[in-house]
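**Q** The chain contents come next:
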Amino acid sequence: MSVYVPQLVLPTDPERDHIRGSVHAPLTLLEYGDFECPYCGAAHPVVVEICRRLGRHLRFVFRHFPLANVHPHSELAAEAAEAAGAQGKFWEMHDRLFEHQDSLDDDDLIAHGRALDLDIDALARELVDGTHTQRVREDFTTGVRSGVNGTPSFFINNVRYDGSHDLGSMLETLEGMLRAA
Amino acid sequence: MAALQAGTKAPDFSLQATPDQTVSLHEFRGRRVILAFYPADWSPVCGDELALFNEVLPEFRRLGAELLGISVDGVWCHLAFAKARSLRFPLLSDFEPKGEVSRVYGAYHASAGTTERALFLIDESATIRWSYVSPIGINPGADGVLKALESMAGGPKS
Chain R
309 MSVYVPQLVL
319 PTDPERDHIR
329 GSVHAPLTLL
339 EYGDFECPYC
349 GAAHPVVVEI
359 CRRLGRHLRF
369 VFRHFPLANV
379 HPHSELAAEA
389 AEAAGAQGKF
399 WEMHDRLFEH
409 QDSLDDDDLI
419 AHGRALDLDI
429 DALARELVDG
439 THTQRVREDF
449 TTGVRSGVNG
459 TPSFFINNVR
469 YDGSHDLGSM
479 LETLEGMLRA
489 A
Chain Y
1138 MAALQAGTKA
1148 PDFSLQATPD
1158 QTVSLHEFRG
1168 RRVILAFYPA
1178 DWSPVCGDEL
1188 ALFNEVLPEF
1198 RRLGAELLGI
1208 SVDGVWCHLA
1218 FAKARSLRFP
1228 LLSDFEPKGE
1238 VSRVYGAYHA
1248 SAGTTERALF
1258 LIDESATIRW
1268 SYVSPIGINP
1278 GADGVLKALE
1288 SMAGGPKS
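Protein sequences appear in the order of chains R and Y. The first sequence maps to residues 309 to 489 in our numbering. The second sequence maps to residues 1138 to 1295 in our numbering.
Be a bit skeptical, because a hint or two may be false.
To be verified - DEER-style ranges, computed between Cβ atoms: (1) D437(R) <-> P1234(Y): 53 to 63 Å; (2) S1180(Y) <-> A488(R): 27 to 37 Å; (3) N466(R) <-> R1199(Y): 20 to 30 Å; (4) V1241(Y) <-> G471(R): 27 to 37 Å; (5) C359(R) <-> S1180(Y): 23 to 33 Å.
Please keep in mind that the hints were generated in silico from the structure rather than gathered at the bench. Every residue, glycine too, gets a C-beta built ideally from N, C-alpha and C.
Using the sequences plus the hints, can you model the full thing?
**A** Next up, the structure:
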């Protein structure tokens, strides 16, 4: 049996993906995550610190992978992040949701929107209409096809990262790849 | 111990799914079956393999396949675990004699006393069409089994 290394079927696309950091950075760290997953919540400050340390060398991409059977609020939370993105505040909402994982019901999502000074009518309408349902689904489907094997799943330059999710392990891998680049 | 490979006849088995219900492989003749062997209920990760496969279940069914989870845990343990994780597919108990079915499939990790993380895709005539054993500590994704399902001739039979 040959060694099989899962790779992204949909590489990072600046036209569709949410990208934090320089779009032209040599390294790409991509997360498939779920706002209600405690392990994604634990990984969030690690990712923030990685972005801070690697600066212009790294771009970070977030795609949705809501495990709706275990996390009943995860899909709508993902849609709320997309709705915030439609108003130019994806990352603000992304950070806020991970920092408030115990407050993700419908009213909470609206309250988060208010705290970020979003157009609340638009946010509520898009959540009710399912404006971003398809986009979240597309993220999920591409994740499944790319070998996402739990949440969070990370990919570095299109290849699934199977190492530990602590800061030291992730930084070591990323810095090693940067040196080799 | 090597896992059974594509082309091998899938050994039949009967295992308990609940305290009063047994599931046998031959009941699925004429349908496709995915056997997902996994080490243990209650692994401390919420977004693990079973949670993932649970989400992908509609896609497996669209491709004509039923999913069966198998570990050496007992039926009461399986019941509590399936309820806690909202699992929508049967968990079979390879409990007594412990790991017997897992051994036959070459998916038993003897020193740990558990099954490996192994996947088998079985076709309508009970032949294994694809199998995969994950490296220790790494969950398999659903991509491999989906690709294998799609590459099977004839398309899903409903």
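**Q** Are the hints correct? Go through all of them and say.
**A** Hint check:
1. D437(R) <-> P1234(Y): 53 to 63 Å: holds (56 Å)
2. S1180(Y) <-> A488(R): 27 to 37 Å: holds (34 Å)
3. N466(R) <-> R1199(Y): 20 to 30 Å: Given a distance of about 27 Å, which is inside 20 to 30 Å, the answer is holds.
4. V1241(Y) <-> G471(R): 27 to 37 Å: For G471(R) against V1241(Y), whose Cβ atoms are near 34 Å apart, the range 27 to 37 Å holds.
5. C359(R) <-> S1180(Y): 23 to 33 Å: This hint holds: roughly 30 Å between Cβ atoms.
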